[in-house]
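Given only the sequences and the hints, what does the whole structure look like? Please build it.
Protein sequences, first through last, are from chains P and B.
Position one of the first sequence corresponds to residue 43 (the working numbering), numbered consecutively onward.
Position one of the second sequence corresponds to residue 1160 (the working numbering), numbered consecutively onward.
Honestly, the hints are just simulated from the structure, not real lab data.
Even for Gly, the Cβ is constructed at its ideal location relative to N, Cα and C.
Don't take each hint at face value.
[Said to hold, decoys possible] Quick look at which bits of chain B chain P covers, simulated, 3 or more residues with Cβ under 8 Å: (1) 1320 to 1326; (2) 1329 to 1338; (3) 1371 to 1385.
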Amino acid sequence: MNWTLFHKLGSPKWFYDIAEKLLPWFLWLGVLLILIGTIWGLVFAPQDYQQGHSFRIIYLHVPSAILAQSCYMMMAASAIVGLVWKMKIADIFISSAAPVGAAFTFLALFTGAVWGKPTWGTWWVWDARLTAMLILLFLYFGVISLRTAIEDINMSARASSILVLVGVVNIPIIKYSVEWWNTLHQPATFKLTEKPAMVPEMWLPLLVMIIGIYCFFGALILMRMRNEILIREKRTKWVQSIVSNYSSGAK
Amino acid sequence: MNDSTSSQSLSAVLMHVLKRELLTAFRHRQALINPLVFFAIVIVLFPLGVSPEPAFLKMASVGLVWVAALLSTMLSLDRLFQSDYDDGSLEQLVLCPEPLYLLLLVKSLAHWSLTGLPLILMSPFLALMLHLPPEHLPVMLLTLVMGTPVISLIGGIGAALTVSLRSGGVLVSLLVLPLTIPVLIFGSGTVQASIDGLPIMGHLAIMGMMLVLALTLSPFATAEALKMSVSN
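Written as C-alpha cells, this is what we have:
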C-alpha cells in the first residue's frame, strides 16, 4: 500500500499549500451547486401532495442534518488518527470542524422547527430523533468548551479526541432513532440500498443540495484549517515569510 | 514481570486501592453527606416550586428522582480524582505496573458505593413523599441500581479529562450530562412503563446493555484521559 499521501498529511506546510489549490474548487463548486439546488428545489420542484409548499424546507433541512452527523464522524475518524499517529493535522481538523458542525446542527434543528410548525402543528416535540440531535449539539459544545479550557495544545488535542470518541455512541442513536422507535419524524430520505420514496423531480435537487453543502463545508473547513495552521506554526520560517510577503505586498 | 518487587498479586493491589478509597472517603464524611443533602433539596424544590398536587407529583416523581440523582452525582465527581491529583498519588496510580483499566474500575466502584448507593437507599423515602405508588418502588430501585453505576463510570471520563484544569467544575457537567441522557430516558422510562402497566423487560434489557457497555469501555477512555491529564 502506498503511504506517501498519508505521510505528507503529517506536514502542515504541505497541507497548507494543497489546501490553497483545492479551496477554489470546493468553494465555487459548492456555491454553484447550492444555487442550482436552491432555485431548482424552491421554484421548479413539484409541490408535495400533502404538505404543499412547506415541504421545500427539506432542501436545507436534510443536507444540514446529514452534514451535522457526518461532520461528527469525520471528527471521530481524525480523533483516532490523532490519538494513534499523533498527527497535528488531525487535531487542526477537529478544532476547525467543531464550531462548523455545531452551526450545522443548529441549522438542522432550526429548520426542523420551522418545518414542524406547519406540518406537525408544533415547533418542537420531544421525539427521539430531535432529542438525539439536541444531544449532538451539546456534544459539539462540550468539545468546543473543553478545547478552550485547556491551554496546552497537545493536551487539548488528546482530551478533545477522547471526548469526541466517547460521544460517538450518540451517532447510531440519531441514525436509527426513526427506525427503532415510532416517532413523529419521518424515516431517512436517502438510503444507500434503496430508491428514494420521492419522485426524481423532488430528490434530484435535494441530491444537488447535499453535494453542494458538502463542498461548501469542505471549503469552510479548508479555510479554517489554513488559518489554524498559520496560528500554530507562527514560529516557523515558512509562515513568517508568508506573513512578511503578505504585509509588504499589501502596502 | 516476575521479580521480587512485584510480588503482590493483582487482586491484593485492587483490594488495597478499594480500601484506600473507602478509608479516605470516610475520613471526609461531610463530602459524602453533601451530595445526599443536595439530592433531597433538589427534590423538595419541585413540589414547592411547581405544584404540590399529588396528581402532578405522581406523574413527575420518577423523573424527579432520576434528575436529582444525576445532578447530585455530578456534584460528587470532582472528588473522584481531584485530591489524588493534588497530592500526586494519581501519578503513582498511573505509573503502577498493574493495568490502569482495572484500577480505575475499582475506583469507580468505590465512587459508586459512596455516592450512588446512598442515593439509592435514600430514594424510596423521597419517592414516597412524591406520591409514587409504593408497588412500583422495586422497579425504580432496580433501574437506579442499574443506572447509577453508568453515571459514575461516564462521569469518571469527564472528571479525568478536566482534573488538571482550574475551572473544571461546570465543565464536567457540560461534558458528562449529554452523555448520560440515554440513561435518564430509559431509567425513568422503565418505571413509567411499569406505572402504565406495560412490559418493562425491553427497557431493562437496554439498561443492562448500557451498564455492560459502560463497565467494559469507559475505563479505557478514563485511563487514556488520566494519562493525558498527568502528562504535564
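Hints violated by the structure (numbers, ascending): none
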